[in-house]
Amino acid sequence: MDSTVINFIYLLSLVCWVGSIIFFSFFVAPAVFKTLEREKAGELVGIIFPRYYRVGYVCGVLVLATFLLTGVAGLKWCAWGIMMLGTVSAGLGVNPRAKILKEKLKSATETEKPDLEVRFKSLHSLSVKLNVAVLFAGLWLLWLTAGNFKI
Numbered sequence: 002m003d004s005t006v007i008n009f010i011y012l013l014s015l016v017c018w019v020g021s022i023i024f025f026s027f028f029v030a031p032a033v034f035k036t037l038e039r040e041k042a043g044e045l046v047g048i049i050f051p052r053y054y055r056v057g058y059v060c061g062v063l064v065l066a067t068f069l070l071t072g073v074a075g076l077k078w079c080a081w082g083i084m085m086l087g088t089v090s091a092g093l094g095v096n097p098r099a100k101i102l103k104e105k106l107k108s109a110t111e112t113e114k115p116d117l118e119v120r121f122k123s124l125h126s127l128s129v130k131l132n133v134a135v136l137f138a139g140l141w142l143l144w145l146t147a148g149n150f151k152i
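Going by my numbering, the sequence shown opens with residue 2, and the numbers climb by one from there.
Keep in mind that the hints were calculated from the coordinates and are not lab data.
Incorrect hints may appear among the rest.
What the hints assert, rightly or not - Between beta-carbon pairs, the in silico distance windows are:
1. T110 <-> L65: 43 to 53 Å
2. S126 <-> S4: 40 to 50 Å
3. D3 <-> G94: 36 to 46 Å
To be verified - Calculated lysine-lysine pairs in the DSSO-like style (CA-CA distance at most 30 Å, straight line):
4. K41 <-> K114
5. K151 <-> K103
6. K41 <-> K130
7. K103 <-> K114
Note that the Cβ used here is the ideal one computed from N, Cα and C, for glycine as well.
Construct the complete structure from the given sequences, taking the supplied hints into account.
Written as structure tokens, this is what we have:
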């Protein structure tokens with residue numbers, strides 16, 4: 002395969018992945034929670050999340066493919082690994098568990114709610130931390146890429 006095509010796929014995948022994190026975290030989520038009532042905002046974000054993580058999975062697989070095709074070595078693998086681990090952990094682990102807790106909260110008694118809310122906040126905190134780790138790893142990978150990039 003032509004190296005220009007591989008480079009294009011790599012760059013497009015990486016900037017879409019990092020860009021989606023920046024756009025969602027700093028523009029979409031704050032606007033949704035500022036505009037809508039908290040419960041409705043949470044429902045909307047819950048609808049967006051599977052698509053948000055799917056972008057990460059697709060971009061991550063495409064970056065992996067370009068690494069395998071070009072024989073990339075070193076720190077780029079580490080940055081990519083952090084991104085994939087964080088994305089998969091949040092998307093397939095944390096997010097589904099948080100969604101279940103949100104559903105339980107809707108029908109919970111007043112005595113059950115405090116415990117469920119604490120557990121949800123804990124998962125939300127973990128999700129935010131994973132998102133930050135993926136963002137910084139993505140920026141690191143972009144930095145490593147810029148080191149030998151030519152315009």
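Hints versus structure:
1. T110 <-> L65: 43 to 53 Å: The hinted range 43 to 53 Å holds for T110 and L65, with Cβ atoms some 46 Å apart.
2. S126 <-> S4: 40 to 50 Å: 42 Å, holds
3. D3 <-> G94: 36 to 46 Å: 38 Å, holds
4. K41 <-> K114: Satisfied, since the Cα-Cα distance of roughly 18 Å is no more than 30 Å.
5. K151 <-> K103: Violated, at about 48 Å.
6. K41 <-> K130: 23 Å, holds
7. K103 <-> K114: Distance of about 10 Å is within 30 Å: holds.
The earlier numbered hint that this structure contradicts is number 5, and it is the only one.
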